Every structure is written in C-alpha cells, then in structure tokens.
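*Asks:* Make a model of the complete structure from these sequences and hints.
Chains as they are written, first to last, in this note's numbering: chain A, 75 to 352; chain B, 230 to 1738.
If you're looking for bench data, these hints aren't it; they were derived computationally from the structure. Honestly, I wouldn't trust all of these hints.
As a list, the in silico EDC-like pairs of lysine to aspartate or glutamate whose alpha-carbon atoms are at most 16 Å apart [unchecked claim]:
#1 B:Lys1003 to B:Asp1051
#2 B:Lys323 to B:Glu275
#3 B:Lys823 to B:Asp399
#4 A:Lys272 to B:Glu1070
#5 B:Lys1315 to B:Asp1647
#6 A:Lys225 to B:Glu830
#7 A:Lys225 to B:Glu1071
#8 B:Lys653 to B:Glu594
#9 B:Lys1034 to B:Glu1536
#10 A:Lys225 to B:Glu1476
#11 B:Lys1429 to B:Glu1476
#12 A:Lys225 to B:Glu930
#13 B:Lys966 to B:Glu1006
#14 B:Lys323 to B:Asp1051
#15 A:Lys238 to B:Glu1536
#16 A:Lys272 to B:Glu1071
#17 B:Lys1315 to B:Glu1413
#18 B:Lys1287 to B:Asp1271
#19 A:Lys238 to B:Asp454
#20 B:Lys1662 to B:Glu1687
#21 A:Lys272 to A:Glu306
#22 A:Lys348 to A:Glu306
#23 A:Lys272 to B:Asp1051
#24 A:Lys337 to A:Asp297
#25 B:Lys346 to B:Asp1219
Here are a few chain A residues that sit away from chain B, every Cβ distance over 12 Å (derived from the structure) [unchecked claim]:
#26 Leu107
#27 Asp252
#28 Glu301
#29 Lys336
As the structure is a computational prediction, the values presented were derived from the model and not from experiment. The beta carbon of each residue, even a glycine, is placed where N, CA and C say it ideally should be.
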Amino acid sequence: MQVSYYPGCALHGTAREYDDSTQAVSRILGVELLELPDWNCCGASAAHSTDEVLAHRLAGRNLEIAVKEGKDLVIPCAACYSRLKAAEKEENAATPAIPARIRVLSILEFLAGPEMAEKIRALKMRSLGGLRVVCYYGCLYSRPPRITGAKNYENPEEMDQLLKMIGVESIPWSYKTDCCGGSLVLTRTDIVRRLTQKLFDRALEAGAEAIVVACPLCQANLDTRQEEISQEAGKSYELPIFYFTELLGIALGHRDPGKWWKKHFVDPSGLLKKKGMN
Amino acid sequence: MKKEQDHPGNGNGKIGAVMVVGGGVGGMQAALDLANSGFKVYLVEEGSAIGGRMAQLDKTFPTNDCSMCTISPKLVETGRHLNIALMTDSEVTKVEGEAGHFRVTLRRKPRYIDVSKCTGCSECAQVCPVPIVGRFDEGMAQQRAAFKLYPQAVPNAYAIEKRGIAACRDACPTGQRAQGYIALIREGRYEDAMRVIKEDNPFPGICGRICNHRCEEACNRNSVDEPISIASLKRFVADQIYSQPYNPPDPVPYKFEEKVAIIGAGPCGLTAAGDLRKLGYPVTVFEALPLAGGMLRVGIPDYRLPPMIVDREVREIIDLGIYLRLNTPVTNLDDVMKEGFKAVLIAVGAHEGRKLPIPGADLPEVLVNTQVLRDVSLSNIGIEPEKGKTHPKAIIEKRHVLVLGGGNVAIDCARTALRLGAAKVEMACLESREKMPADAVEIQEAEEEGIRIYNDRSFRRILEKDGHVSGVEAVNVTFMEFDGEGRLNLKTEEGSEHLFPCEVVIFAIGQRAGLAFIPESAGVGITRSSTISVNPNTFAATRPGVFAAGDATTGTGYVVEAVAAGHKAAASMNRYLRGEEMEPAVQPELPVVKMTDDEIEEKLTRGEIRVSPRVAMKHRSVAQRASSFQEVNLGYTEEEAKTEAARCLSCGICSECLCCYYKCGVGAVQHDMVEREEEIHVGSLILAPGYDIYNARPSQEYGLGRYPNVVNALQFERILSASGPTMGHVNRPSDGKVPRKIAFIQCVGSRDQEHPYCSAVCCMYATKEAIIAKEHEKELQPTIFFIDIRAYGKGFDSYYERARKEYGIRYVRCMASRVAEDPRTHNLRISYQDESGEIREEEFDMVVLSVGMVPSASTKQLSATVGIDLDPYGFAKTDPFAPLATSRAGVYVCGVFQGPKDIPETVAQASGAAAAASAVLSEVRGTEVTRKEYPEPKDVKNEEPRIGVFVCRCGNNIGGVVNVPSVKEYANSLGNVVYADENLYTCSQDTQEKIKKAIEEHKLNRVVVASCSPRTHEPLFQETIREAGLNRFLFEMANIRDQCSWVHMNEKEEATHKARDLVRMAVANARLVRPLEELTKSVTKKGLVVGGGLAGMSAALGLADQGFETFLVEREEELGGNLRHIQSTLSGKDVQAFLRDMRKRVTSHPKIQVFTNAVIADFSGYVGNFKTSIMVGPRMFTRELEHGVIVIATGGQELKPKEYLYGENPRVLTQLDLERMLAADGKKAADLKEVVMIQCVGSRNEERPYCSRVCCASAVKNALKIKSLNPKARVKVLYRDMRMYGHLEEHYARARHAGVLFLRYEEDRKPVVNQKDGSLELSFYNPVLREDMTLRPDLLVLSAAVLPSDTEELSKMLKCSRTTDGFFLEAHMKLRPVDFATEGIYLCGLAHAPKTIDESLSQAAAAVSRACTILSKDQIQVGGIVSVVDPDKCAACLTCVRVCPYNVPVINAEGKAEIEVANCQGCGICASECPGKAIKLQHFTDEQIMAKCAVLFDIPAEMLKGEAA
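*Replies:* See below:
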C-alpha cells in the first residue's frame, strides 16, 4: 500500500524520532510512505495568523501536489494536518462540484482506521502491558470539528484505542485536548509553563507514568519544559513524552527503538527498563 | 352497559370520538375533558403505562408539591373512565380520512401480559431473572424484564420487555433458552435453571459436556471480548442438581389409547419418547443394546462423558412411565407394526463404522471407531464383547496405533487408545489443520496428551508384514472439498508417497445407520446415502404411521440435532395421531438480536458492561488423565459459574425462561402474543407525544456517561424522589456519599447552535431541584451556572428570590465551559468566569446538567404518519393565532410538542386542544359514549348490619407474610360479620363475581375488603357492590398490604396481628357506614364570560361554537381590551386584522349575546345553576342572567410608570406608547439616532415581585421594528435577564444579529435618567465592563409592568381568591390552571397572569373545555361525601365560613351556617374545626372514627371473643 507523506518541517528537524518511528511502523505494516515531491511550508507557524491568502496558498500548493500524485495524504504533524485540512475544506467549498479526490489524513487517523488496526493486531510482536499512560491529543488533532470532521472532538479516543490494542493501559482523563501553549512558546513562555505544568499535574494525578502524543509541537513543549518547571515549582517533574508511533514501534518489534530516546529530553529508557520493555 | 346510540353520528358522517396520542399529563387532561363532555376517547400510548414525564418528577415548582401525589388521582381517573379506552404499547401507523371522520390504523405491540387479567401483584417481576436498566429511573436503577413502569402505573399491570430471540437461542437447534438459565444461575436458582434447560433439552449434563455449542459462536459477547461459556454453565447446573438425591418425576397420566413405539434409545428416540409420554401416550422404546442412551452411552469415552450422567438423564425420561425393552433389536419393522403400535419412530442412530476400501483394510489389527468405543464402554461396566471377538485393549495395548480421521470420534478413538495402554498414538487425516471437523479444544487436549496429528494425507493402502499391520501408505493432499452432494473432490501431490509405520489402524472416517431391519417390502424409502427418507417438516417416512429422525435420516450429527429432531418428530406424531394437519403451523418469528458495535460502545462507556474474559474451567492434569478414564474437565465451582453467568449481556431482554408464566396465578402471562393492527374511527385527533430530554452524552465537554458523578436533571429528579434509586437520599453515584457541593449547569442542549430555542423550564426545575436537595441535606451547597434566569411564570420570580435569599442557593451568571474530573475522588472541576471576570476552576462533588427538551424521534415519525408540518427544530408548526391547530385540519396539538413549556401550560393547552377537537364534533356529542346502568339500590337503612369480609392474599404479597387464613377466621368471629372469605387476588375479574354472589347468597349489606390501597382499588370494589345492588358507600377497606405486609415483611407474626387489628377497625367502621344519596340537579346549558378582551372573546366564541348560548359582558364601550393597542406579533402577524375578524365573529354569532358598558352587580347559585345580574349601559338597566358556568377573563393593563421621567419628558414612552407611535407614523423612526429601552420597569421589585413576562418580547419586537425602519438607529436594551423563553429565543438572536445591543444592569444599581434642556441622559453601571456608562437617547422606552384589572369587588362577589399581586388564583397551580376552587367557574387570560397572545388563546380554549364538562351534561350528581350542618347546634360563629378553602359555607337568612351540597368538596375541614360540633362530614363521621379507635385501643368484651381464635 502506498500513501503520500507530508512530513512538514518539524519531522525533518526537531522531531526526527517522530519521522523515524512513523517510517518504521509504516514499513512493518507494509505501507510505503511516498514523501510529497517538492513540498513546502504548510504555513502553520506564522503565515496563517498574518496573511489569509498566503496561508491558503501555502497549504493549497501542497494539496495540489498531493492531488496530482493521486494517493491519500498522510500527515504526522497536527499543525500541518490542520492547515492542509483547512485548505481542503476551502477547496471543497470553492469547487463543490468536484468530488473528494484524495483523503487528507493525520497519521493517527490513518493508523487507527480499521484496516491498519487489523494489521497491528495481527503483527503485534509484544504487549506493552503494565505501562500506564495518558493520551494527549492537543488542540489541533480533532478541533475545530468543522475542519477535522471529528465526531468525538472533545474526547478523542483513537490513540487510546491503538494503545490498548498493544496492551498499554491508557487512563481516561479530562485533559486530552487542553491547550499546551504551543503557539506561545517563544512569546509567552510563562503561560506555556503554567499550561504544561497543569497537564503534568493532571497526568500524574490520573496515575500516568508517561504522556503519549501525536504532534511534534506538543511533544517538544511537554518534553523540554519539565526541567525549568521543576526548578520553578520546587517539585520534580520527569514524565517521558512518547510519540504514539514510538510505542507502536516497540510493540511491532522494531529492532532499535533506543535511538529514538536520544532525541528526548526526558529519557524514557529508565521507565521502559523498569517495565521490561527496553 | 349500553351504547347510547348504535349508529355513529348523524352529523354528516362525523364521529363523536377523539383519539389522543400520548399518555402524559397533557394527553390525560385532554382525554378526561373530552370524555367528561360526551366524547369517546382513545388514548394511545407507546409505552406500557400512562403518566409521562410528570410521573418521573419528584416535586413540582413553584409550590414544591409532590409530583406523583398530584398526578396520581388523574392517573386513576383516566384509567377507570368508562369512555376512555386506554391503548398502551400502541403506535399510530396510518391516518386516513378528514376532519370529522378519520380512519386511524394502530400498531398494537405485544405486551406478553394480558392487561385485563393482570392484577399488578408483581410476582412475575419477583421471579424474573433478567435485570434491565430501568427507564423510569433514567438508567439509575435496575428493573426486571417483567416490569411495571412505576409503582402507581396505570394500567396497574405488568409488561414484559422483549427485544427478540437471543443469538444463543437462535443458533441452537433445540432453541435452548440459554440466556434464561444463565440469568437464573446468576441468581443461584439452580432448580429453576434446570427447569428452563429441560423445557427444550432433556440432556443438560450431556450437552453441557459434549455439545458443539454453536450458541457460543453466535453469542453477542463475541463483539466485546469472548463468548459466554454457555455449555460449561449448562453443565454446572446439571452438576449442582445431580449432586442432590434423585427424585423420580411424577408419573404422567395416560390421556390417549394409541400406543407408540420408538426404535432406538438414543438422544433422539428418548427425547421423542419423553415428549409423547408427557402428552399422555403409552410409549414403548426398543433398544438393541443392553443399556439405553445410544451413542451417548457407548460412543463417547467416559473421560469426556461419565456414564453416570447419561444413566441419570436417561432414567429421568424412562421414569415418566415409559416401557423400555433392552436387548431387543428390531429385525423386521413389520413385527413392530403388528404389535398394534399406531405410530413408530425409527431413531436408530448411526452406529456402523466404516473402513476405506483400500488394500489391507481386512487385516486383524484394523479396527473401526464405533466398535472400539462401544466395546470399551461396555467392558467398563463389565459387559464383554460377543464371543469370538477380541477386546480392543488386547489389540491396542503396547502397540503403535494410527487413527485415520480428523473428527471428534477420531480423537475419541486416539485418546481411548492411549488410555488402553498403547505404546504410541498418532492420527492422520485428509483435512488441513484448519478444516479438521474436531473441536479445537479436543485437538488441543489430545496433543497435550502426546498424540501427534498429521494433516493433509490421503491413504493408499495398509501394509502388511506377516499377516499383521506394519504401516499405512499415504500421499500429501493439495486440495480437498466436499461438493454439495457430499462427494469428495481431492487433489494429491504426485510422488509424495510416504509411509506411516504402525501396528494398529483405527478407521474413524464416519458412521452410518444400520438399516438391515427395513426390507424393501416394508414400504419405507431409503436414500442413496443409506439414510431413511423423510419429509423434513414432519419426519414422516414414506409409510403412513412410520416416522424417522436423528442420525438415521441425516447421517452423523450432534446430540442437539438429535434432540431437536426428537422434539419435532414427537410433535408431528401427535398431530398425526390426533388427525390434525401434518405440517406444523408457521410461527411468527421474533427478530434475532444482533448488538451493534455502537450499542456495545455505548454500554461500555456507561459502565453497563466491562471487558472481562471468560472464566476458565479447571482440568485434570495431563499426567493424571493419560492412564485413566476419569473425566478430564472438572466443571465450575458455584462462584466461577456465577461470575461467568454475570458476563451475559441478556441481549434478548426477556429470555422466555417462563418463570413468570408458571408463577402467575391468574394466567395473565402469554408469551405467544403477537403484534396486530387495529383500525379506529374518530372525528379528530390530538397529538400530545411530549418530548425527550436532550441526550448530553455527545456534549463531551460535560462528561455525562464518562464521569459517574455527572447526571442529567431527570436523573437527579429520580435521585430526589422517595421512590427513586436512592429512596430520596441525595447520594452521588460514584460512592453513594452525600455530596456537599452540587453544580447545576443550565442550557445544556438549549440555546445552542443545534437547539436555538430555550427549553423554558430548566431555570425553574434547577432552582427547584436545588431547593429540594437542600431540604434533604442541610449541608448541601448548590450552585447554579446560568445565562439568564427565566423565571417568567406565575409565582416563579418569588420562588427564585426565595431560593437565593432563604435557601442560600448560589447563582453564577456564566456558561460553564467544561467539566473535568479528578480521577482519584471523582470530584468534578468546573472552569468558569466569575462575576469579577476572573477565570476560575472550582471543585464540586456532583454536577447536574440542566438538559433541554427535544422532540423525540418517535414524534417525528408520528408527524410524518399523521401528515403534519414541523418547525425546523421538530416541534409541531402552529400559528400564533391558532396555537392548537396543526397544518392538517382536524388534528390538534398540546404540550411540549407544540413548543417547550411547563406543566400548567401543558395542561391548559390540553384542555384547549380538547375544546378545539370537539368544537367541530359538537353535533355528534354523546353518540359514541357508553353509560353504565346499575340495579336499583336495595334499601338497607333499617337492616341490622350484615358484613362480608374478603381478605386478599395478593399472591404472595400479603399471603407470604400475613397468615391470611387466620385473619379470615378472625374476621368471621367479629360481631355482625356473617361471611368471610379469602382470595388469591381480590381484585381479579372472577373474584368480583364471587363477591357479588356472596352479597346475594348471604344477604350482605356491608362489604369489607382487606387488601391494598383504597387509592387505587376502592372505586373498583365500590363498582362491584353497586352492581350487586348496594349503595357504594356501604364499603370499607383495610390496607393490609402497603401498610402491613410490605412494611413488616420480616415480622410475620406481628404483621398478622396488625392485619387483624386493621380488619377489626374496618369492620367497626363498616357497622356504622350508611348509604348516602346523591342528588341530581339539572344544568342550565348557558355560559357567562366576564371580560371582552382577547381571552374573553375567544372563550365566548369557543362556548358558542360548542353549541352553548353565551353571554359576554364587557366593562368598556367596545370589545378588544389590550389587543386594541397591539399592532403585530413578534413573528410579524397583523394583530389588528385578527381583532377585526374576531370582533365580527363575536358580534355576529347567533349564540352570543354581547353586553358592553356592563358590570356585574350580583351573583349567586352553584355549579350548573348560577344567577348573575348585570347593569348595562350608561343608564345602568339591570339584566338577570341564568347560566351553568362562568368564565373570568377580566384582563389587565400596562402600568403607567412613575419613574424615569415618564410623563415628565415627552421622549420617555412605554412599549405600548412606542408601538402606537411607530404604527401611526413609521417615518418618525427615520430620525432616531439612539433608542434605549429599560426592562423590568415596575416588575420584579418589592411592590410587584412578579415578572411581567411579555415585556422582553415587546422590547425585542419594537427594537426590531425600529431597526427595520431605520437600520442606522442604535437600539440598546438595558435588561436584568432576557426572558425570551421557548421559541422567543430565536427572535432574541434575530435582534442581536440585527445589531440591537443588550446591556445588563443590576437590580440594586438601576439606571439613572436626567434631563437637560429636554434631552435625556442616562447613566448605569455595566457589570460586564465593570464601569459606568452614559447614554443620550432620543427616546427612552420603558418596558412597564402588566397590572391585573381591578377585580376586588368581583372576587368578593364570586368568592374567588386572588394572589397578593391581584391576579386570580387558580384551584391548583399545576393541574387545574384554569379552574377555580369553586366548581363551575373558570379563568383565562391576563386575569390569571401576564401572558402572550397565543398563550391567552390556549388558555381561553382551556376554559371552554373545562366549562363544557359541565354544560354537556343534562344533570349533575351532587352530595355523597359532603359536610352537613345541624342548624340546631349552629351558633353562627363564622368558623366554617373562614376555614373553608372553597368559600362554600354561608350564614343564611335564619342566621345558621348553610353548606351548598353542590359546592362542597368534602374536605372535612369545617367539620373538624366547628367548635359546636354542628357540622359532620358524611361517611367520615366522628362516630365512625371513634368506633375505629375504640376497637383498636379499648376493645369491648363482646369483640374479644374473636381474639381467642
């Protein structure tokens, strides 16, 4: 099976481990990710809040390439996904006569779909039983629903279901879609610290040993702030922040997940070792 | 009973009957009004009981009356009304015809309980093992599949809920009610479970072990985790029962003479034998072997199926009285026929094993499956093989055995060989591993025991060495398949020949029947594959009287198939012997239940099911079992079985376990009921289907369904209710603790994007729930998060103020954005913005979502069926000038289906709809009704009391606690009791006949029933004695159930004692009861309407259209009232045109006499016979009017404000002033730059603590008008709460879209208005911006209060009370919204409270309807239980005059109190208050009460004689 793949800037930079684990999992599942030729910035970072036309055109160009390629487009970054979904919506609204030619999917949506889920169930090599996590979807994966078309946009379940499939205990909690402050990283770090600290507290209160995400911005935000928050709060936070693809990778028997951990600020290998999953 | 007229209608084919759809409070009210004014009513309800939403509520606002207490009398009245046909479990499927004559088709769904027989005793529910989520308690508690919706339900009858056939039952050839016995296991009722299994299968222990249980493959639990271990549970039941000593079944009496023969004592033959014996036939079973059981006994190794199980189950069948002839092979069928058997069943099974026709198959070490297994089984009990044959053990022991075959029998052979001591056992078969017919478990167990299996092999020959087996030559199979006719299509691999070395070969490749005893001459056909040919429906063979079933007709099958065939064959043979049609009748099929993924997901979310794998059964270890024939599987322990049983999803709901059927003492349970259609002819229809509450689960931000302590308002209502899941204790669901902080979140599912209307009641019900919760638990701190408090109804605002000030309920103005849960405590965190603008997070113990009203899916269906239009949200579309009429003529609506509203408005609309529905039918009034005629009552006044006492057992309800026979004996011993009896159910139909007969035979003149509550049952028994010629007051009841056996169920002796006390008191009272006469008075069939405004004109037209002459009295010169000042409605309708039309209709109506410039001068009389004198015209000449009813519609007017410079500055207007100005000259609006409106001027203050209800809508209407005339004008509305309830909300939104600004001001910081040089300056504090604002409007418009007209004189004259605000006070806030406490006087319009045009119209129609219940009668009955004055004792102290809540007593010309019989309500307050004891309440005299007390506390000697008994 082949799909178009839009990695976006994060997966070529700060979130290499997300890219790598996504590629690894796809390979095991027999999915070939064809990187979109000549893709460009999706406009999530600055364009969409400053120039409406530019925002539309940046994402629109990528979408056009994908349509030309003719294969469903899979996107791991929630921000890219949101932009391209928005472009898709606008496109459809502009030319309603043309039926949807390809589907624009987030990698989570794609892997949680019935076909891939079935494959994961069949190809699972090991169960991650004993690992207690909360799933954190952030703001853009499911919302706004008119863009994403999500049904359970306040309480998404796809990641939880995937993780349950591989034995992970995903604990229900109320903060799945709370904001982590991603867009204020550079401008209002104080707010980011407050918001992420709340997420850590709530996750710990729910009994989680780690947080699992599906967005490079969430991951970076949650992963990198813990040390400074610890210093500020006088309370130590050390919660590993996994990409869900990393956990899938372990469950599907990927040979070397260890290299992913090198990219993490909070090293998860201790936790995994404790659980016998290293 | 007789019909007044046999021919329906004479008015152009019109039908004098109305169908009311929906049995809630609206439907009931409409039905009662119609039935009481001469129309036959069909009340159609889709549920099993009427009562609707109101029955679910705990209390009602604003009086905090108990909802059930207020609705219950209505329920009883509706249920018992002679002219209301209650059609529960029914839906409308077609409506043809037109107004005046509709043909309505109903779908009447089966209830499985005959309502006419059911006594409501509850025993079916007590024995029902299937728990379901109780709908009445909104999923907060469980009920049983046999249920009564709620304790007070009408009809007082149970119903059984069935969804369809459970998947397990459908999959089983015998139709085993697995869900049923599983439910009984869960309850530990193993005897019952055994009975259920045996309904369909006489071999529980056997099938529990060796069945291929396709039920488990079908099980709906597969979609959750793993199927239920159904077979193991069945085995568990057998193990439990068989561990008890054997009780042989009672022998069955013979009913028929025809002898029946069964050939073969296997599962098929024995099943049929048992069935036929139970039917009453003499049955003989022929068996070739020395023991019965067939293959079960000799074909299945003991380690799988212990012989004692087979023996036990066979014995139970034989002990029914079956003649079993063992060792009797039938060699010739004709011999059997000659013995005189009228029918023969051949059920010989398939006992002949087969060998492959390959070289070497005849070698001595080549064995066949059946022979091996049979020899081993028999030798295990000491029966050795026939002479000359070697025991298989001798051949197998210490040898290398190869079993050829891949089925269960092959595995049986292999494992048996192992146990006989074979050196090595292997298996080889044609099939691949996946296609092997053997059970996976069997294969696994065999492999555990060390047996190796080779798949995909075909066998060429058996090799020999020295005359003995030395191996088998095989080839690899590449493809195999059996075609449709059972022929093998095989492909093998060239050159793959290879050898299996072995010393013994056992063929296990199938079995067939031995049919040598059927020669061709027997006339019984045989098929090509050596089976007997039969008709598959009847099992009849080709020779008459000969039947065949089981493996002998089908080839080898499973036990269940044999059992199923046995049942069917027996039924068929019975039909044959009885000379009936041979083909079985087609049974109507219930659907098979298939749970959808969504449904399972929902149940998982709600915690109704939890993922839990099946409970594993323990096995004997491999080491223990390889050398022994002891059973491998060890069965479940009781605990394991119950745990496993609890996993069952009860997918079929009712499992037809028949526990209820056997328990019911009156034969009311009928599981074979089917759906049917019924056509009914009616003149008009009223739709009152009510609403659904908004399902808040999709609003995931609030977590309903995910967080246990988030409930919806209706659930909370049930929590508060004493009959609810927590018995009225405020306990939160997660841990049952009393919550301290409860948050209510308003507008959930209202005023949002999908529901752009206000649900109209939530502010008030949340306030009520908060108050009641606080009354239950003083420590509780309720907080209500709201947008606007919409307390717009009568008495609502003061209720809200009381909640705030007296109860300390906290109101926070803000829409709470989300609810999060603390996973450790299950407390809930609400994020909100507080009054100071800060974002806060506050923790609560519990959250109640004030969910809105939505039209239900079924009402959409109903509307489509009936063919009426809906508005965009799914409510019925109506016109503001005709709020009760739908888009289809002759079809009317009321209640929430017309738009969100509260109970009184629903009730008023229901009455109104009744008036509308009957107006077109007035000429056929009385043509469809029945009237009951009773025998002339006997004169018993001078007779010595002869009392009959009937003591009820109420099934077990009373009988199980109170010693009923002793109570009966005791009653018999009491003075004046001449007859006493006991009944299983005193209220059942046959008992009524018994009571009448007893009255006749024993000349009874008083009857006492000791049973349940007079509230529900007294009318029934009174009816019975009336039919027997006794006055209905010669009856007394003792409540020995609700007040005795139910509350003292654990103190049986004391309860019996108390029952005697209660009976003794009832008898003492019965001695003193006297027949009371009811007088008939004629009715003056005319009406008087006071007030000629909208409501009054409308009421007058209504009465006149119903055919009654009507007087309309108006104080002013012209008709029209306030309507004269209103130009248009909010939706843009022309009010003036409407008024002109209405005036014309009133003044030209032949039945209406209008008196303008007229006032009421004097008033007297009573219901049906009032006299009013009026003074008319400037010259005040007097007219005397006689009429039967009076409708008060005196109206009200707009306040002339004294504040905000009104009257001092020409730029300050009221809304009516503004409306007049805009209508007069629209151009004036063009000059306006800024208009400011101030709401609540003169309302909601200390002087007038009520909301004037209409001013928000007027302001919005006029603001929109200004905006439409001059879009540039700035319009600002200063408000406290925008009370745009119901559908008004959309106009509020429209105004905001149009740019009207709505700015809030606070009550204690009112706007201040100043004028400077004629221009206005207004300043006020804006609480949102938290700063002062100054405005300079061109116009200041005051939304002034609505005042009632001055009715002080009138109210005194009519003796009708008013509220402190000066509005008239209705008889009951909720259920009698247009009645006065005094009968015959009704109320509508602004005289009642402020309201809009459509509300006034509905109410006027309601008053008409209520009035018609009097005017339609020729006579009314008065008297009975009323107070009477003894003038000799009366001192005219006025006490009675003051205390009477109905203002009935007066001091007459003689200076004595006088109580008009027709007006007295029989409450007895005057009698108890009268200091001179001059008043007594008939039927409840002091003498009677004293007598009851006397026998309770101070028992006279002559009565004590009973005590000894």
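*Asks:* Are the hints correct? Go through all of them and say.
*Replies:* We went through each hint and held it up to the structure:
1. Taking the CA atoms of B:Lys1003 and B:Asp1051, the gap is about 24 Å. The hint is violated against a cut of 16 Å.
2. Taking the CA atoms of B:Lys323 and B:Glu275, the gap is about 15 Å. The hint holds against a cut of 16 Å.
3. Of the pairs offered as hints, the one joining B:Lys823 and B:Asp399 holds, with about 11 Å between alpha carbons and a cut-off of 16 Å not exceeded.
4. Of the supplied pair hints, the one linking A:Lys272 and B:Glu1070 holds, its CA atoms being roughly 12 Å apart against a limit of 16 Å.
5. A C-alpha spacing of about 12 Å is found between B:Lys1315 and B:Asp1647, which places the hinted pair at or below 16 Å, so the restraint holds.
6. Annotation: proposed proximity of A:Lys225 to B:Glu830 holds, straight-line Cα distance about 14 Å (limit 16 Å).
7. For the proposed pair A:Lys225 and B:Glu1071, the alpha carbon gap of about 28 Å is over 16 Å, so the pair is violated.
8. Between B:Lys653 and B:Glu594, the direct Cα distance comes to roughly 15 Å. Compliance with the 16 Å bound is thereby established for this hinted pair.
9. For the given pair, B:Lys1034 sits about 15 Å from B:Glu1536 by alpha-carbon distance, which is consistent with the 16 Å threshold.
10. As the CA atoms of A:Lys225 and B:Glu1476 are separated by approximately 52 Å, the hinted pair breaks the 16 Å bound.
11. With a C-alpha separation of about 14 Å, the suggested pairing of B:Lys1429 with B:Glu1476 holds against the 16 Å cut-off.
12. With a C-alpha separation of about 13 Å, the suggested pair A:Lys225 and B:Glu930 falls inside the 16 Å cut-off, and the hint holds.
13. Using a Cα cut-off of 16 Å, the hinted pair B:Lys966 and B:Glu1006 holds, with the two alpha carbons roughly 12 Å apart.
14. With a C-alpha separation of about 52 Å, the suggested pair B:Lys323 and B:Asp1051 falls outside the 16 Å cut-off, and the hint is violated.
15. Under the criterion of a C-alpha separation no larger than 16 Å, the hint pairing A:Lys238 with B:Glu1536 is inconsistent with the structure, at around 55 Å.
16. Straight-line distance between C-alpha atoms of A:Lys272 and B:Glu1071 comes to about 15 Å, which keeps the hinted pair within the 16 Å bound.
17. Proximity of B:Lys1315 to B:Glu1413 is assessed by CA-CA distance (about 13 Å); at most 16 Å being required, the pair is judged to hold.
18. For the hint linking B:Lys1287 to B:Asp1271, the alpha-carbon distance of about 12 Å falls within 16 Å, and the restraint holds.
19. With a C-alpha separation of about 13 Å, the suggested pair A:Lys238 and B:Asp454 falls inside the 16 Å cut-off, and the hint holds.
20. Distance restraint check for B:Lys1662 and B:Glu1687: the Cα-Cα separation of roughly 12 Å lies within the 16 Å cut-off, and the hinted pair is therefore satisfied.
21. With a C-alpha separation of about 13 Å, the suggested pair A:Lys272 and A:Glu306 falls inside the 16 Å cut-off, and the hint holds.
22. A hinted pair counts as satisfied when its Cα atoms are at most 16 Å apart, and A:Lys348 with A:Glu306 does not qualify at roughly 28 Å.
23. Straight-line distance between C-alpha atoms of A:Lys272 and B:Asp1051 comes to about 13 Å, which keeps the hinted pair within the 16 Å bound.
24. Note on A:Lys337 and A:Asp297: the hinted pairing holds, with a Cα-Cα distance of about 10 Å set against a maximum of 16 Å.
25. For the hint linking B:Lys346 to B:Asp1219, the alpha-carbon distance of about 9 Å falls within 16 Å, and the restraint holds.
26. Look at A:Leu107: its CB is around 30 Å from the nearest CB on chain B, clear of 12 Å, so calling it non-interface holds up.
27. Residue-level check failed: A:Asp252 sits 9 Å from the nearest beta carbon of chain B, not beyond 12 Å.
28. Annotated as non-interface, A:Glu301 keeps its C-beta farther than 12 Å from every C-beta of chain B; the closest such distance is 26 Å.
29. Chain B leaves A:Lys336 outside its interface by the beta-carbon criterion, the shortest separation being 33 Å against a cut-off of 12 Å.
Hint violations for this structure: numbers 1, 7, 10, 14, 15, 22, 27, all remaining hints satisfied.
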